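Q: Spelled out from the first residue to the last, the chains are:
There are 2 protein chains.
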Amino acid sequence: MRKQIILLFAALLLILPMQAQAAKKVHWKLATTWSTTLKPLASSGPKLAKMVEEMTGGNFIIRVVGAEKHKAPLGVLDMVKGGQYEMAHTASYYWKGKDISTIFFATFPFGMLAEELAAWNWYGGGNELAEEVFKKFGVYHFPGGNSGVQMGGWFKKEIKTLDDLKGLKMRIPGLAGEVFARLGVNVTNIAPGELYTSLDRGTIDALEWVGPAMDLKMGFQKIAPYYYTGWHEPGPDLEFLVNRKAMNSLSPEYQAILKTAIRAVAADSLTENFTENALAWDKIKTEYPGVHLKTFPEPVLQAMKKATDEVLDGYAAKDPEFKNIYESQKAFMKKMRAWSNVSTGEVLNTAELVGE
Amino acid sequence: MRKQIILLFAALLLILPMQAQAAKKVHWKLATTWSTTLKPLASSGPKLAKMVEEMTGGNFIIRVVGAEKHKAPLGVLDMVKGGQYEMAHTASYYWKGKDISTIFFATFPFGMLAEELAAWNWYGGGNELAEEVFKKFGVYHFPGGNSGVQMGGWFKKEIKTLDDLKGLKMRIPGLAGEVFARLGVNVTNIAPGELYTSLDRGTIDALEWVGPAMDLKMGFQKIAPYYYTGWHEPGPDLEFLVNRKAMNSLSPEYQAILKTAIRAVAADSLTENFTENALAWDKIKTEYPGVHLKTFPEPVLQAMKKATDEVLDGYAAKDPEFKNIYESQKAFMKKMRAWSNVSTGEVLNTAELVGE
Numbered sequence: 011m012r013k014q015i016i017l018l019f020a021a022l023l024l025i026l027p028m029q030a031q032a033a034k035k036v037h038w039k040l041a042t043t044w045s046t047t048l049k050p051l052a053s054s055g056p057k058l059a060k061m062v063e064e065m066t067g068g069n070f071i072i073r074v075v076g077a078e079k080h081k082a083p084l085g086v087l088d089m090v091k092g093g094q095y096e097m098a099h100t101a102s103y104y105w106k107g108k109d110i111s112t113i114f115f116a117t118f119p120f121g122m123l124a125e126e127l128a129a130w131n132w133y134g135g136g137n138e139l140a141e142e143v144f145k146k147f148g149v150y151h152f153p154g155g156n157s158g159v160q161m162g163g164w165f166k167k168e169i170k171t172l173d174d175l176k177g178l179k180m181r182i183p184g185l186a187g188e189v190f191a192r193l194g195v196n197v198t199n200i201a202p203g204e205l206y207t208s209l210d211r212g213t214i215d216a217l218e219w220v221g222p223a224m225d226l227k228m229g230f231q232k233i234a235p236y237y238y239t240g241w242h243e244p245g246p247d248l249e250f251l252v253n254r255k256a257m258n259s260l261s262p263e264y265q266a267i268l269k270t271a272i273r274a275v276a277a278d279s280l281t282e283n284f285t286e287n288a289l290a291w292d293k294i295k296t297e298y299p300g301v302h303l304k305t306f307p308e309p310v311l312q313a314m315k316k317a318t319d320e321v322l323d324g325y326a327a328k329d330p331e332f333k334n335i336y337e338s339q340k341a342f343m344k345k346m347r348a349w350s351n352v353s354t355g356e357v358l359n360t361a362e363l364v365g366e
Numbered sequence: 011m012r013k014q015i016i017l018l019f020a021a022l023l024l025i026l027p028m029q030a031q032a033a034k035k036v037h038w039k040l041a042t043t044w045s046t047t048l049k050p051l052a053s054s055g056p057k058l059a060k061m062v063e064e065m066t067g068g069n070f071i072i073r074v075v076g077a078e079k080h081k082a083p084l085g086v087l088d089m090v091k092g093g094q095y096e097m098a099h100t101a102s103y104y105w106k107g108k109d110i111s112t113i114f115f116a117t118f119p120f121g122m123l124a125e126e127l128a129a130w131n132w133y134g135g136g137n138e139l140a141e142e143v144f145k146k147f148g149v150y151h152f153p154g155g156n157s158g159v160q161m162g163g164w165f166k167k168e169i170k171t172l173d174d175l176k177g178l179k180m181r182i183p184g185l186a187g188e189v190f191a192r193l194g195v196n197v198t199n200i201a202p203g204e205l206y207t208s209l210d211r212g213t214i215d216a217l218e219w220v221g222p223a224m225d226l227k228m229g230f231q232k233i234a235p236y237y238y239t240g241w242h243e244p245g246p247d248l249e250f251l252v253n254r255k256a257m258n259s260l261s262p263e264y265q266a267i268l269k270t271a272i273r274a275v276a277a278d279s280l281t282e283n284f285t286e287n288a289l290a291w292d293k294i295k296t297e298y299p300g301v302h303l304k305t306f307p308e309p310v311l312q313a314m315k316k317a318t319d320e321v322l323d324g325y326a327a328k329d330p331e332f333k334n335i336y337e338s339q340k341a342f343m344k345k346m347r348a349w350s351n352v353s354t355g356e357v358l359n360t361a362e363l364v365g366e
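Protein chains in written order, with the numbering used here: chain A, 11 to 366; chain B, 11 to 366.
Keep in mind that the hints were calculated from the coordinates and are not lab data.
Incorrect hints may appear among the rest.
[What the hints assert, rightly or not] No more than 27 angstroms apart at the CA atoms, straight line, and that leaves these computed lysine-lysine pairs for DSSO-like:
no. : chain 1 : residue 1 : chain 2 : residue 2
1   : B       : Lys-60    : A       : Lys-57
2   : A       : Lys-60    : B       : Lys-255
3   : A       : Lys-34    : B       : Lys-269
4   : A       : Lys-35    : B       : Lys-60
5   : B       : Lys-179   : B       : Lys-106
6   : B       : Lys-269   : A       : Lys-269
7   : B       : Lys-60    : A       : Lys-269
8   : A       : Lys-108   : A       : Lys-328
9   : A       : Lys-269   : B       : Lys-39
10  : B       : Lys-57    : A       : Lys-269
11  : B       : Lys-340   : B       : Lys-316
12  : B       : Lys-232   : B       : Lys-304
13  : B       : Lys-293   : A       : Lys-340
These numbers come from a predicted model, not from an experiment.
The whole structure should be built from the sequences, with the hints applied where relevant.
A: In structure tokens form, the structure reads like this:
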């Protein structure tokens, strides 16, 4: 009898730890740069959490915390680095003050389309270069979606010549702001909540926000008649950041589950952003016939390109890592863009020819 | 003592079935329409299998069987329906002989770009319409990647007018073949292995294959000087098919894992196809300067569009389900295309203006 008991105990000792491991729950928090209501950008965090929960039978739970709660939309990198949050959903170019090379994992003026950037990330060495940049911050970076082409902004007056830019008061942040400043624009920063009133009252003459889906909700179409096509953010990637220690503490299965979910959600983000922008653009066209779609005139675009090259070459001269990544992306983009023109470009041209 | 033994047995009885479930292995087979070496199309099956294996710690194994082995590239729908294979990786328009409505989940002439089709699939009701079509075959359909814009084909002589198409002997299958036949082309079918020789010896005057990546390997650039841009397959979706009973027999966790992996692999497929086409196009341009890139002249394109509309309207008149899906896709495409032109189209135009 004693023998049997010992055998049973031995069996239990073998089985119980396996059980405990299988049932071990993981609870993570994910901070977003966006408020919970700022869709489509804010859709991806909750979708990721749902996928991971379903794939693990409720054993890996990610709680998404919006910017309205953690109050630090541009502090999420530090919070993931410090471990207060295991993850974040944000965009890489917000960290250009910490490391200018981070812009390449988001976008820059006259840079790549979403599809071209994905090609560089996954097949052109981009993800490997991102790893070098982001490991310094103690985090893993993963491509985390894409907002699609952002629009050039809302203008009260038409831009006909370069002179029309001189002294223009415009809200446009980031590298595009640096470029516009070189063309004589008086670049200002204004809190999102005050943008509508500032444009309406003439405190500013123009502003850049995102694209049709998010611009429509802000109401700019009611007060600015000129809507310019994009040049400065042709395909901004979003990103998921993960604390390295937290990631490495996961089982290989959970690591694979998280990475696969991130890739699936990233694809969904591009599709959702594209759809919402298309539907919103249709609404603007239909319901606000006073809005004129414009592309900047060629001399203005040429000047923007020249200023962009100067700004980027300036950073490259000072920073070997920036130079290295810039050259990788430029060389790869050249090949991708030639194919974009032959494929997507010709399909669009051809369809227009036959009246589609 | 007896009490303790009973308690131990009770504990074992509770624990052992849970263990057994956790360790239950799933072994599936996936048949591909492509031969194992036909990359990038053939990359997705093995990538899916790897993701699923990693996410389940080796408990869900999918064995990928290429067409060179199962010998039925266009029999995979039947094989999944019949349960010989739990899954397939293929393209929906191969089933147009069984149900013409299946073309909408792949592509048709002057149809949607990959990004536009993804929008319809996930946010425009496309996946729900696909479910109605494919449940008749006892399978689930999932968007499974995209080859990107396919090229219009290789021609020995330039097509300058509609008359140049009359009597031309060309290998071009599917709806594009129907359209070309209406324009007087002598449409023939030739096995892939004989295409090069047929074109070289003048048995045919022209052929359509896929795009730069797969065309380059066939060697057509050595024997036909005119390479035409695409019009007939602007963004063909690939698909994963899953036997319904097999899917429903999986645990909810494994179902979620399989679906998430499919979505991630589909995104990867588009990116890999885009990259490989871009790199191959660069190679063709550089190493075969005798190849002339051409777009069909406007009157030819107009005639193609008219013939396409006639073919599709013909099917719609006979088949209410086809008509219903066609109308859904056309209405959605109109909005998506307007945005493609404003966003991607203007970025490409603008970049060309500034010499990028």
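Q: A separate judgement is required for each hint: does it hold in the structure or not?
A: Now for the hints, and whether the structure bears them out:
Restraint check for Lys-60 (chain B) and Lys-57 (chain A): satisfied, since their Cα atoms lie roughly 23 angstroms apart, inside the 27 angstroms limit. Straight-line distance between C-alpha atoms of Lys-60 (chain A) and Lys-255 (chain B) comes to about 25 angstroms, which keeps the hinted pair within the 27 angstroms bound. The suggested pairing of Lys-34 (chain A) with Lys-269 (chain B) holds, with an alpha-carbon distance near 24 angstroms, which does not exceed 27 angstroms. At most 27 angstroms may separate the alpha-carbon atoms for a hinted pair to count; Lys-35 (chain A) and Lys-60 (chain B) meet this at roughly 25 angstroms.
Proposed proximity of Lys-179 (chain B) and Lys-106 (chain B) is supported: the alpha carbons are some 24 angstroms apart, at most 27 angstroms. Proximity of Lys-269 (chain B) to Lys-269 (chain A) is assessed by CA-CA distance (about 14 angstroms); at most 27 angstroms being required, the pair is judged to hold. Simply put, Lys-60 (chain B) and Lys-269 (chain A) have alpha-carbon atoms about 13 angstroms apart, close enough for the 27 angstroms limit, and the pair holds. With a CA separation close to 15 angstroms, the supplied pair Lys-108 (chain A) and Lys-328 (chain A) stays within the 27 angstroms bound.
A distance of roughly 24 angstroms separates the Cα atoms of Lys-269 (chain A) and Lys-39 (chain B); the hinted pair therefore holds under the 27 angstroms criterion. Restraint check for Lys-57 (chain B) and Lys-269 (chain A): satisfied, since their Cα atoms lie roughly 14 angstroms apart, inside the 27 angstroms limit. For the hint linking Lys-340 (chain B) to Lys-316 (chain B), the alpha-carbon distance of about 15 angstroms falls within 27 angstroms, and the restraint holds. Distance restraint check for Lys-232 (chain B) and Lys-304 (chain B): the Cα-Cα separation of roughly 16 angstroms lies within the 27 angstroms cut-off, and the hinted pair is therefore satisfied.
The suggested pairing of Lys-293 (chain B) with Lys-340 (chain A) holds, with an alpha-carbon distance near 18 angstroms, which does not exceed 27 angstroms.
Against the hints set out earlier in the document, no violation occurs for any number.
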